[in-house]
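**Student:** What follows is the residue order along each chain.
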Amino acid sequence: MNLSVIGSVIFATATFIAGCNGIDIRDIQPANRQPAIEPDYSGITIPYNIAPMNFRIGEEGKKFLVRISSSNGICNKIRSSDGNVIFPLKLWRALTGNNADSIEIEIIAVNKDKKYIKYSPFSMKISGDSVDPWLCYRFLYPGYETWVEMQLILRSTETFKEKYFIENQLLERNCINCHSFNSKKAERFLVQVRGSKGGTYFHDGMDLTRRILRTDNMKANVVYPSWHPSGKYVAFSSNRTIQSFHMKAGKNIEVMDLFSSLLLYDPDQNLISPVSDRDTANYMETYPCWAPDGKYLYYCRAEQVMEGFDYRKIKYDLARKRFDSDTGEFGPAEVIFSASEINKSVSFPSISPDGRYLVLTLHDYGTFSIWHREADLYLLDLQNMDIKKLPFNSNETESYHSWSSNGRWIVFSSKRLDGLTARPFIAFFESPGKTGKPFVLPQKDPTLYRRLDKTFNRPEFVPALPASEARDFMKASAKPPLKARWIEK
Amino acid sequence: MDRKMTRKNLPVLILFITSFAYLYWFAAGIFFYQEQKSLFIFSYEYLAKHLVKPGGLLKYLAGFLTQGYLSDLYGAFINSLIIALLAILLRSVAERLSGSRSFTMPLAFLIPLGLMICQSNYHFNILHSLGFLLAAVLFLISLNLTRKTFHVILIFLFPVFYFMMGTYSLIYLCTYLIHSILYQNNRYGRIFTLLQIFISIVTLVLFYKLFLYQPFSVITGYPFISNEYGRANGLLYGVTVLFVLLPGLIKISDLPGSEKHATAKSTVIAACLYGISIIVLVRQYDPVFEGIMRTEKRYCSGKFDEIIVHHEKYPSSNIIEQFYYNLSLSEKGKLCDRMFFGCQDTGPMSLSLGGNREQASRTMHYYYAVGLVNEARHLAFELMVINGYSPENLKMLIKTELINGNFRVAERYLNILKKTLGYRTEAGRLGKMLENTELVNTDDELGEKRKLMPKDDFFIHTEDAMNIDLLLKSNPANRKAFEYKMARLLLEKDILAIAEESVKMADMGYTTIPRHIEEAIVAFASYKKALPDLAGLVLSAGTNARFLNYVRSVNSFAGDRAAIKKSLNRAEKDTFWYYLQFGQIRGDFTRSRPVDRNVY
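Note that the protein sequences, when read in sequence, are chains H and U.
396 is the number that numbering that gives the first Met the number 0 gives to position 397 of the first sequence; each next residue is one higher, with no gaps.
542 is the number that numbering that gives the first Met the number 0 gives to position 543 of the second sequence; each next residue is one higher, with no gaps.
Quick caveat, the hints were computed from the structure, so don't treat them as lab data.
Take these hints with a grain of salt, some might be off.
To be verified - Below, computed lysine-lysine pairings styled on BS3-like, alpha-carbon distance capped at 27 Å:
1. H:Lys196 / U:Lys503
2. H:Lys76 / H:Lys436
3. H:Lys343 / U:Lys454
4. H:Lys231 / H:Lys294
5. H:Lys453 / U:Lys417
Given the structure is predicted, the values throughout are model-derived calculations rather than measurements.
Chain U on its own, in the form it takes in the complex (with noise of 0.2 Å):
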């Protein structure tokens, strides 16, 4: 008997550990991604916001769950969970269909397989799982029903079933009737069939002309097409046919002739759809995305050290990971000390992304940490307006709001904050500063941002230089802006305005010239044969010969460049020198990568 049902749970306890071990060791990142894109609140109003489409409810579960995705651990064991019970009930609907024939037991796989492959996409939420899973519930209590009376009840409950899980009752139906069709003969059958189809078509005319404001679509179609992934993937679209056809598929398989050697054809079959998901799950492994979402999350924890020591130990030249990298150095005041330690070959896009607006969620935070505050909220409150409210842009619209005095607005995003499960003790700090602007301005973090700001008013360009050179002229004593400049020239090589920049310096209160913005002004002066106006500032002892240095290395292999560029060690590497010499700017960024602009 164990050893009976050893076996029959093994396909189902591989299937788990398979999934869990891929989500946490291979594509954590789609947590982390998922996490950012959601909030949950444990409010009238959010629950509220889900009622008004079909559903609705199974979206508000979706996000109970992902919640929880803060921790990668919870987020492979939930989602691998959800697909084994998947399996363990789409394995009792075929044992209930062929009676334990197990040749029909791969069948009773194929979604759950389909699924796990499906969740390795970081678009891919939980809802679809949690649909397919509350749709199988459903199918097999009907299956076990035994007394009219529940069976005529459960047709009944239809119009709640479709509130509570919108497409996915759709789903449950088309895969009921199908067996209905295949496998109820007798008259009440087809008395229930026809019932179940007229309940289902009042159901949808009543939802639609009376109950909610959608259109046709998303009474039809919500949640299924609610995100991007759902609205796109044919494997979706597949694994939904599947679950559809589940019944017929049984039928077929169950013909007479196919129980010979069942138990062989069948372990055959299984073998090769779990080596086959195997395969899809290895090619789908994206180690740039996970770099990305690795990155993002140690900045969205503030931990910007990590950020620079990772990219400078392991250099990306995916351009986000640049942007975060730069963005690390600018929040611990190194930009223009340490951006050549580590990879600038996507050049000057890489300091602000270009104000790209597809990549609002992380542009915003480059407004901030430069001091242009109000363009970090504007972009914050765009997110949200668009997406809801996230972790990221609830907190930046509070910790904006705070800046700016709006206590009684950052009021209302704190109250909001509060009630998520993740960021109480966030909203806890950031709340103490309400209705005290000498809190504000002696944080660490808003306080200085405080002082960043522009003094006077100036509109937001399209064009980030020109908005970095209006905050400047607004606010000279912003220092973070002027490293962003100075980066931008120095990653434009334009050591001419370089050395003209630099004359500020000294008022600005540099008691010491940032590290590579020297270098630029050495190789001025090697160009121009004179040092620039620094305003009573000296570069220090070591960069000239270090620059001697170099230009002995350089020198050494005859214009070589391969040579040069195989040879030299890592301190020459790291210099502005280098990247003037041999730092070249790949093309524009949107078109460097394969996958979509959302993440890349």
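Chain H extracted, bound-state conformation (with noise of 0.2 Å):
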């Protein structure tokens, strides 16, 4: 910036600030830092299209005004007694339109002494690449055992707009578990809801059905699903699960599976059948992902435990099958990226819409990424099999992410403001190289994070609303289960 820039934005700045208030320019001291302020959002890249950057200004004093200036030439002023500062719809929608491509964002706080303070400025970019207008995660509590509460939400990312997609309490209170959205066909998804009303719910764009997918052939329950992008397949993990608690200070759970295959489910002809190859009875195999052109199934697998397993010693990899859409039959498994040789642990494997990209979790040992503290999110180029930690990365949990349809938005969970909960946090992603810092899912209440005791589970985008609501998941549960067949292929 040359120093006539500098020369008019002071100008500028006095002379809103006199003209407003009345202030003597002499009176403002410069504090030569920006101001703190929670959520972080200085410095983010933000979607054009997201809801208003509420925040709260984390210093001093009585009074604050804010004064926001958009590339656009927008620029407006916003006063704040008690800290928060609330963007009406309207303004932020004339800040972040028009083509802007960046805002910034100058505080002056007035203390206690009616002395003025001026924070350096702090900015934020704007992309012209949108996100998806609906994010769907779970909503409960960061618990152990036991639930009470529990509901699947959609959330309007433009607005501060949330509807209850699932209500446990209209389900006898059930647990509801894994949801997925078809990437190509929004308005196919799955829902897996545990308990007496449980099952995996269905919806294919027509209606809502309730399905049992286990049967007699399964040595476990379906647990991590995938929708293979025709919408003709859906990939699940079948897993034995336990949990334990760890007794030393800084970790709280581990949870384990003794168990682990790969399945196959058409919801067309109600068939479930094993993913099965000449390795199979070795490994635990979890969390498929379909690639986008639905040629290949990714998933995790490590060595099949055996009785007295250390469970620090277990390490999975990323492995991949080849997929015939048009018979159903897979090729070999083929390790692409063996996290055990590197003493690491890979989870939750998911691509981007172009196929060009892997983002999984990795972390020391096991397959629970939210409970490990070292779980960081890695990305794999897919074309040359180079894998990179990402710029998104904290001292805390990063796992359960996401991509949003564009492929430029990555949504996932950082427990990195409080080390117990998981909030959302959304990434500008272009390419490697090309990264924004992330920023936490706005709310209306810019200290909702610091208050609230629930977590974000599972965040993913969601292109359009579903055709379903909560009660139509209590008419469904009222009717007899559909029950899946067993087919060996």
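Both chains come to you apart, so use the hints to assemble them.
**Tutor:** Following this line, the structure appears as structure tokens:
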């Protein structure tokens, strides 16, 4: 920035403050630093259609003057007496619209002695790539074994509107488990429920039905799902899971699989079959994830544990199998990232819509990364198999992640705010070298995350509102479930 | 006039005094129990949680009143006041319907008397009394409306009443409809009845289909069924039926001929009802429950010495009281010095309650006491998820997070505790430790727990003896865990294992051997004719002499066990030797008590 621009900015600021409040600019002391704000939204990259990035000023002051200027020429101010900066939606749209590529925010605090402290401005970059309008997540206590209240919530990313997609009070307080939307056909989705109203609730675009996918041939229930892009199949892992509680400070829970295998479900035919090959007996296979073209099924696998196993030695690698969607046949397993060789373990593979990149969670051992503080997100380039740590990580857990429909945004769970509760962070991604600083999903009340004792579990972008709502699940639960048939291929 | 007023109000006054006296002097444990079951938080989030169910505001109001249960005096007063007010309102209803005929008056007291008996149950929540009170207010208002416009307004306000009172608005509705059918025979009366039915149905449908995400059982049953008592208690259902049928009962009692000797009849009936209520109350009195609540209250206030003194003076054979006695001894570092000064007839189960999950609100204190801080936090968290915040689980969450250095999570919990009426001071004290590890380390309570924690990781086990072994392996300097282990061995009468473990005491920093362990070692030496390896520690001079005296006393009765038990003095009975010889462990504690597992 050249001197004349700096001069103009100083003049404009002085005029604004003096003009609005009759302040003698000689009373203003520069803080020579950016203000502390909560959540930390300085230097982030946001989609132009995101909800207002309300924040709280973490500086002392009786009153605050906030000046916002957008690169599109819109300039405005907000006064706050409690430190909360709440953007009216209309103003926010004006600031982020009209091809704006950044907004700058400057804060002046008025302290008890009526002295003015001006903080260095901070900015947010605005991306022209939109983010999906809805985010779906499970909302529950970051608990151990029990639950009473649990919801699957659809939250608008463009406003603060929330919809209860599933409310477990309507399902006899059953446990709501994994949810999965078909990436290409969002009207198709599934939600797993455990308990008296248990089963897998499928929506095929027309009807919502409850299905029991476990057959006598299966050792355990279906757990982690992934829709084939065609919508014709769903890959599941079937896991027998246990959890134990750590007694040393710094660790809470360990969730382990005693057994897991992959299954393929055909929703139209209501048939479920094993994804078997010569290796299956020796490995635990979990976290299936289809490539966007549907030609490969990616998953994590570790050597089958034996009695008296050491849970710290369970290391999952990333593998894949070729799939022929016409015949429903799989090729042999191929390890594409051997995490065990670097003494690490992989979970939650998720592939960008263009099929080029795969984001995974890497942690020291085991399969359930959300309780691993060391868990971080890594990016695997599927063209050259280069793996790189993403710059989104923190000292706390980063885990479950998913891509936006346009592949420009990644939403992931991070426990960086308090070490216990997961919050949905959204990060810009264009290429491995061009990413943005992640930001936590904005809330109407910027202090919400500080108070909220519940966790945001498995956040996933949803391109459009699903055709059903909470009461539809109650209706579906009242009908007898469809039982899947087992078929060996 | 004054005499008439006095005679009119005397039954209400007697009702109030009886209720107050019973609750304050005989059933005050109820207030501690209920105060510990909930925590009223002055925050929008807490209010919002109550807005998702019909009648949530009534529960919110009940929660507001319950926070004062820290004082037994207040608890007895507010509960008695509500049923006295209810009696006054129902008397007005009876007067309004029967034109002050005295024969109907006892009917008005049936419901408050029923509620007075309900109140003597520890599960009974003040929300039920409040619900009936508000329903009575509404019914009385509906009876006194003189203008049709006001009547219509009242009918159209039903959705508001429903949202605020839930089931109790439906109870009011039923009473109103019965009254309308029996008393409103004019055209407007019939129109209002139909309008009320229509508005009520529309209200229920809208709340069920549109406004609230709740199953139909909650739409119609909340907050009546919000707790165990409301779901299962026949007496409360009886009171409800009486309330609904009250206009009909008044009508029947008002039949021609009933006014003959009405005053005398009503006095006799009222006296009989009152007498029956007193008998039921006396039968409801539960000294075991009261004892447990008294002990638990002392424990939660950190009055460990009081628990020890009380239990040794009035030994209780209840496992919960023995559990808190042992816990208090452990907190004072005296477990293996004094445990046989109290009653230990429930055996090793009284040390940890066998890790019983149904007793999690108590066992979390045990885990906290021995240094298994993560398990204490785990249980406190589970309790919070199931029941919401309570004073003890919230304090436990704060303390364990502070000990673990998770200051950001601790701060969130502290901010909740700060928004309560009775625990702000505690929040202030604990809040000073935020972001100050040094202050945590030097705190008498938290600093000590931090030192007791495992140094290496392991998973909690369902077998508590194994947890103590794993803890000791991980932190061999943990004397509290060691004494719990030794206490278990003492209660299991395993003197061989005690002798084997005693060698570790010197390395743990013991300079003297705890009294009961010494007694076990002397018993071992007497049996094996040799002392175990004590790694340099020596037995105190008096122990051998006490043992010889004990043996002499016992031998003097030539094996007559009954005579021995009768004749030994307190000092001889307060020993491991006496327990070894005569201690009998009663069966599974959950089968040993008459009522339910949550309390016993």
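**Student:** Going back to the hint list, which numbers does this structure go against?
**Tutor:** Those not satisfied come down to hint 1.
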